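Asker: Starting from the given sequences, assemble the full structure and let the hints guide the process.
Residue numbers (this note's numbering), protein chains in the order written: chain B, 4 to 221; chain S, 4 to 221; chain W, 7 to 209; chain G, 7 to 209; chain U, 66 to 321.
Because the hints were derived from the structure by calculation, they are not lab data. No incorrect hints appear here.
Straight-line distance between alpha carbons at most 25 Å, and here's what the computed SDA-like set of lysine to any residue pairs gives:
no.: 1; chain 1: U; residue 1: K312; chain 2: B; residue 2: L220
no.: 2; chain 1: G; residue 1: K140; chain 2: G; residue 2: L188
no.: 3; chain 1: U; residue 1: K312; chain 2: G; residue 2: N120
no.: 4; chain 1: U; residue 1: K228; chain 2: U; residue 2: L299
no.: 5; chain 1: U; residue 1: K221; chain 2: W; residue 2: I200
no.: 6; chain 1: U; residue 1: K312; chain 2: W; residue 2: N24
no.: 7; chain 1: S; residue 1: K49; chain 2: U; residue 2: I187
no.: 8; chain 1: U; residue 1: K312; chain 2: S; residue 2: I16
no.: 9; chain 1: G; residue 1: K31; chain 2: G; residue 2: Y96
Computed from a predicted structure; not experimentally measured.
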Amino acid sequence: MIQVFRRDVVLSIRSGGGFGLALIFFLIVVVLVPFALGPDQSLLAKIGPGLLWLGALLACLLSLDRIFGMDYEDGTLDLLATSPLPLEGVYLAKSAAHWLTTGLPIALAAPVLGVLLNLNFYVSGVLCLSLLLGTPTLSLIGSFGATLTLGVKRGGLLLSLLVLPLYIPTLIFGALAVHAAALGHTFEGPLIFISAISLGAIAILPFFSAAALRINLS
Amino acid sequence: MIQVFRRDVVLSIRSGGGFGLALIFFLIVVVLVPFALGPDQSLLAKIGPGLLWLGALLACLLSLDRIFGMDYEDGTLDLLATSPLPLEGVYLAKSAAHWLTTGLPIALAAPVLGVLLNLNFYVSGVLCLSLLLGTPTLSLIGSFGATLTLGVKRGGLLLSLLVLPLYIPTLIFGALAVHAAALGHTFEGPLIFISAISLGAIAILPFFSAAALRINLS
Amino acid sequence: MLEVANLSVGRGGISLLNNVSFSLKAGQGLVLRGPNGIGKTSLLRSVAGLQRPLCGDISLDGSIAYAAHVDGNKGQLTVRENLNFWADVYGSEMMEVALIAFKLHDLGQRPAANLSAGQQRRLSLARMLVTGCKVWVMDEPTVSLDQENTALFRVAVERHLQLGGIALLSSHSELELNTETLDLVQFRASQRIIVSAFDKALE
Amino acid sequence: MLEVANLSVGRGGISLLNNVSFSLKAGQGLVLRGPNGIGKTSLLRSVAGLQRPLCGDISLDGSIAYAAHVDGNKGQLTVRENLNFWADVYGSEMMEVALIAFKLHDLGQRPAANLSAGQQRRLSLARMLVTGCKVWVMDEPTVSLDQENTALFRVAVERHLQLGGIALLSSHSELELNTETLDLVQFRASQRIIVSAFDKALE
Amino acid sequence: MSIQSGIKYFWSSFWQLANPKIFMGWSGLWLPWVIACTVICLSTGLIWGFFFTPDDVRQGSTVKIIYLHVPSALMAINGYFLIVVGSLFWLIRRQHVSVLAAKAAAPVGMTMTLIALATGAIWGQPMWGTYWVWDPRLTSFLILFLFYIGYLALWKAIEDEDKAADLTSVLALVGAVFAVLSRYAVLFWNQGLHQGTTVTIADGVNQENISSVFFQPLLLSMVGFGLLFFALLLVGTRTEVRARRLKVLEAFERAH
Ligand code: HEM
Ligand SMILES: Nc1ncnc2c1ncn2[C@@H]1O[C@H](COP(=O)(O)OP(=O)(O)OP(=O)(O)O)[C@@H](O)[C@H]1O
Ligand SMILES: Nc1ncnc2c1ncn2[C@@H]1O[C@H](COP(=O)(O)OP(=O)(O)OP(=O)(O)O)[C@@H](O)[C@H]1O
Ligand SMILES: [Mg+2]
Ligand SMILES: [Mg+2]
Numbered sequence: 004m005i006q007v008f009r010r011d012v013v014l015s016i017r018s019g020g021g022f023g024l025a026l027i028f029f030l031i032v033v034v035l036v037p038f039a040l041g042p043d044q045s046l047l048a049k050i051g052p053g054l055l056w057l058g059a060l061l062a063c064l065l066s067l068d069r070i071f072g073m074d075y076e077d078g079t080l081d082l083l084a085t086s087p088l089p090l091e092g093v094y095l096a097k098s099a100a101h102w103l104t105t106g107l108p109i110a111l112a113a114p115v116l117g118v119l120l121n122l123n124f125y126v127s128g129v130l131c132l133s134l135l136l137g138t139p140t141l142s143l144i145g146s147f148g149a150t151l152t153l154g155v156k157r158g159g160l161l162l163s164l165l166v167l168p169l170y171i172p173t174l175i176f177g178a179l180a181v182h183a184a185a186l187g188h189t190f191e192g193p194l195i196f197i198s199a200i201s202l203g204a205i206a207i208l209p210f211f212s213a214a215a216l217r218i219n220l221s
Numbered sequence: 004m005i006q007v008f009r010r011d012v013v014l015s016i017r018s019g020g021g022f023g024l025a026l027i028f029f030l031i032v033v034v035l036v037p038f039a040l041g042p043d044q045s046l047l048a049k050i051g052p053g054l055l056w057l058g059a060l061l062a063c064l065l066s067l068d069r070i071f072g073m074d075y076e077d078g079t080l081d082l083l084a085t086s087p088l089p090l091e092g093v094y095l096a097k098s099a100a101h102w103l104t105t106g107l108p109i110a111l112a113a114p115v116l117g118v119l120l121n122l123n124f125y126v127s128g129v130l131c132l133s134l135l136l137g138t139p140t141l142s143l144i145g146s147f148g149a150t151l152t153l154g155v156k157r158g159g160l161l162l163s164l165l166v167l168p169l170y171i172p173t174l175i176f177g178a179l180a181v182h183a184a185a186l187g188h189t190f191e192g193p194l195i196f197i198s199a200i201s202l203g204a205i206a207i208l209p210f211f212s213a214a215a216l217r218i219n220l221s
Numbered sequence: 007m008l009e010v011a012n013l014s015v016g017r018g019g020i021s022l023l024n025n026v027s028f029s030l031k032a033g034q035g036l037v038l039r040g041p042n043g044i045g046k047t048s049l050l051r052s053v054a055g056l057q058r059p060l061c062g063d064i065s066l067d068g069s070i071a072y073a074a075h076v077d078g079n080k081g082q083l084t085v086r087e088n089l090n091f092w093a094d095v096y097g098s099e100m101m102e103v104a105l106i107a108f109k110l111h112d113l114g115q116r117p118a119a120n121l122s123a124g125q126q127r128r129l130s131l132a133r134m135l136v137t138g139c140k141v142w143v144m145d146e147p148t149v150s151l152d153q154e155n156t157a158l159f160r161v162a163v164e165r166h167l168q169l170g171g172i173a174l175l176s177s178h179s180e181l182e183l184n185t186e187t188l189d190l191v192q193f194r195a196s197q198r199i200i201v202s203a204f205d206k207a208l209e
Numbered sequence: 007m008l009e010v011a012n013l014s015v016g017r018g019g020i021s022l023l024n025n026v027s028f029s030l031k032a033g034q035g036l037v038l039r040g041p042n043g044i045g046k047t048s049l050l051r052s053v054a055g056l057q058r059p060l061c062g063d064i065s066l067d068g069s070i071a072y073a074a075h076v077d078g079n080k081g082q083l084t085v086r087e088n089l090n091f092w093a094d095v096y097g098s099e100m101m102e103v104a105l106i107a108f109k110l111h112d113l114g115q116r117p118a119a120n121l122s123a124g125q126q127r128r129l130s131l132a133r134m135l136v137t138g139c140k141v142w143v144m145d146e147p148t149v150s151l152d153q154e155n156t157a158l159f160r161v162a163v164e165r166h167l168q169l170g171g172i173a174l175l176s177s178h179s180e181l182e183l184n185t186e187t188l189d190l191v192q193f194r195a196s197q198r199i200i201v202s203a204f205d206k207a208l209e
Numbered sequence: 066m067s068i069q070s071g072i073k074y075f076w077s078s079f080w081q082l083a084n085p086k087i088f089m090g091w092s093g094l095w096l097p098w099v100i101a102c103t104v105i106c107l108s109t110g111l112i113w114g115f116f117f118t119p120d121d122v123r124q125g126s127t128v129k130i131i132y133l134h135v136p137s138a139l140m141a142i143n144g145y146f147l148i149v150v151g152s153l154f155w156l157i158r159r160q161h162v163s164v165l166a167a168k169a170a171a172p173v174g175m176t177m178t179l180i181a182l183a184t185g186a187i188w189g190q191p192m193w194g195t196y197w198v199w200d201p202r203l204t205s206f207l208i209l210f211l212f213y214i215g216y217l218a219l220w221k222a223i224e225d226e227d228k229a230a231d232l233t234s235v236l237a238l239v240g241a242v243f244a245v246l247s248r249y250a251v252l253f254w255n256q257g258l259h260q261g262t263t264v265t266i267a268d269g270v271n272q273e274n275i276s277s278v279f280f281q282p283l284l285l286s287m288v289g290f291g292l293l294f295f296a297l298l299l300v301g302t303r304t305e306v307r308a309r310r311l312k313v314l315e316a317f318e319r320a321h
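Answerer: Put into structure tokens, the structure is as follows:
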């Protein structure tokens, strides 16, 4: 498992991807929004936290179909499936690698980008925390979706379609936590929900994903 | 050229993609936004037009890397390059197929989704018009970006990164036209700009793209 | 010990091979032969556990390593990194041996994408050595290899058998290995369509 | 008429072959031979116009069709649709001839993804017929083919030559074609590293 | 007969239904009756509701949308439930009929969702002054709609029937878990404008919220929609079974 994780991280860095790109995509979404919505400062400050969560989600989404897609197309997945590694482990390793190269850098950078949208220090901290707790779920659910659409060429959009409804609880609680913090309310409730979803995802998704992988390979 | 266009459309329909999916992704973005930003009706109405433009842009973005990617990976692009078709023609055909399966359905559906964000009939019409004039540019620029990142595996994020800055003028004028219509101002100016950009893209991008293709294949 | 008893395989609702049986003891190899499309790949995939057979039993002791038609190397990783990954996955120490066996040491630092077809193939053959598995299942292993490298392959397989390994191969060319061959034509399924219990009940 | 004069090719900053010259008249074929990694693929790609040669001239009259190591068929399209696409691109009417020449008529409605390796290869060979081009440039065309299908290939090439075509092939196996062969070992570049004008100026 | 053997008998005859041939015979026999009941219930319910009930004091005649809105909303949720159950039976017992029923339920459920959304939107204009608000109930339905589309798209995208059955079943199960999550998340997110549940199966009528003048025809059209759903489900499943048989025959054609 750790080998698969390490290899996936290296591959994503080698292919001009890696930590930087998810981040930059995130940055660009944040930059584009004022163009789309107009430069009204107070409006932007109001929707800032939610936008950052949305941006994180989309950045995550963009790289999903390649989690398993590359290995499926070039035959590596067949080889991995015949190796002694359990498919559950492969799934977890790949999700972890995806998180490390997209979710984590985004979570760490969000407070910095928050400055662009006038978020204060406290809200930024909560944003960062909520992303740290929530992005693993995004990667886990995304990889699960990727195992379902493995055999489908150009499956990127189908994948998004399958995955987005599953993202909604995380998005709601994530945005809720930051909104609550911005209004000075307590934000522990939503954060606990996010963590619970993350833990639940780790607990159940590996089995379903491994099953989907097995089905798709046969 | 017409053959390549026809084949690409068939391929995109066969692979479970086709007209529907870009649309659905667009719908999903519209659905996600209230979760991220909160359900405040007047706020959503205010940012609605911009959001729809942003959604169209992102839906377009998600399917870009497959325009040339599939053909490159399975060797078809080599074969096309040695065929009597000019690469400029291949580029145009592929852009057109991409537009037909993403841009066009999105433009036509935008007025319907406008209902979700409380846009009135008049503004929806302008939105539809601006998308009809603007989405060809998105496909053309996107395919151009795809020719640049051809050799890069998992190039999806890099591609978005290259392409997004080029999308900004179209996005600005597109959103501007709809904002202007919402405020009751004239909107012809921005629409003319969008059309000019589209025409410019058709005029110059084929040559650059063909050059990029040639470089990437050698 | 690899034992295949009364195995039937099919693809896409059509049965291909019926009642294939063979058994390989430690040190034995078997080359499957048969015209294009008879079902060699399907059979090998079934043995490797990648495809559910229609019926029949496959029993083996020892671990299995599979090499498909395609190479499955990662173009962005160097030759060494590719092998190293599989060595890690299988917990083996055979890297250097494999590099030498297939004359890859000079290419060690080269990204796999920049290899020629034959060099790629050598890399995927080296991978089999690296796995340290007892049973090798290989689908047309010598494709794209020149004569010299085919000889390297022959040596590797013969060594593997001498050390008590098992090899199940398919090939269209003469491998000149000291192993038995099995012509699959005799097993070609006559009643071609697979009818599942569900479909049967429909009639 | 295909004429290659003093051609040098390289890859990734390393020169591979120097001063290759040959000329093929209508009806002539040439099989390139040489060990793995010598530069056969690079040479063929240069001839097909996919890769810029380091120096030398390639002149040909007539159109060229190229078949690479990989098949390049679209898995989601059927065999017929695949061929039909290329027939459209080349504006040719040879579809049915090609289907028959490579015994693909029974597989016409099958999506290419569901073909075996040898059937895929037949499809990409049929594609060459469909192009109707005069010059065929093919990189290891008989990989994965069984004997019967190799014979079909041989017939197709010989017919092509009889009709005044030209064929430039590379192969590791004995093709038994009635053509000349050219061993590339004699052209192997001695001074391996390519120094571009820019790099030269730096010295 | 002891209770245990009774239960056993029930299950064995229940699984018998999953045999395609028995299913086809059984469903062919019952289908006309189901359709007849559907027509009777639905037409009386709707005609009674539309023409023989008074206008509401506050809502005027728009209240009559309720006879379409509420039943279709219920059936939309029902469809989802059926998909999950059918998928579960398929994954556990490999019963083709159950997964084909799940597949057949999807388009029906999706249409019901669409009807609920459309009638709701039309109702919303006079009631709330807008076609759409981001209310939890409404939003949940939009998500449900998306799920239906995704489920159907996955069926369509995968060529091999059994593989598609497996993968869509996995999706349905995971989707069910997240659907429950979403339902609660959405409640946290927004309290909403939409009416609370006033019709519950358990206590029949809640007189405070809805008077029996409206309730009786509503109940009838709800039963009618239920029967309609069942009828469409039977038709759909029979079509899927036939399509499956056709595929086998086609393969035979090609092979011989
Ligand atoms: C597009 C928007 C709408 C959707 C998706 C929607 C959805 C639903 C659903 C799912 C139910 C059944 C809930 C249950 O019984 O548990 C329901 C019932 C109901 N809806 Fe809507 N609705 C929408 C708009 C409206 C509007 C605009 C009104 C009018 C003010 C309305 C009034 C009602 C009423 C009175 C019920 C019956 C409540 C009950 O007895 O349970 N709905 N709706
Ligand atoms: N989905 C499918 N539907 C129908 N037939 C299929 C499907 N997939 C594969 N086949 C057929 O199954 C047969 C066996 O394929 P397989 O790849 O096992 O052959 P093979 O013996 O390995 O051939 P080759 O020597 O060409 O590699 C082929 O005739 C192929 O056309
Ligand atoms: N980017 C690169 N950098 C350095 N060397 C490269 C690069 N790409 C290819 N090569 C080398 O160029 C040589 C020629 O490759 P080519 O594919 O032309 O060989 P080939 O004769 O076709 O071999 P084969 O018989 O194995 O197909 C090989 O030795 C290969 O390792
Ligand atoms: Mg095979
Ligand atoms: Mg080569």
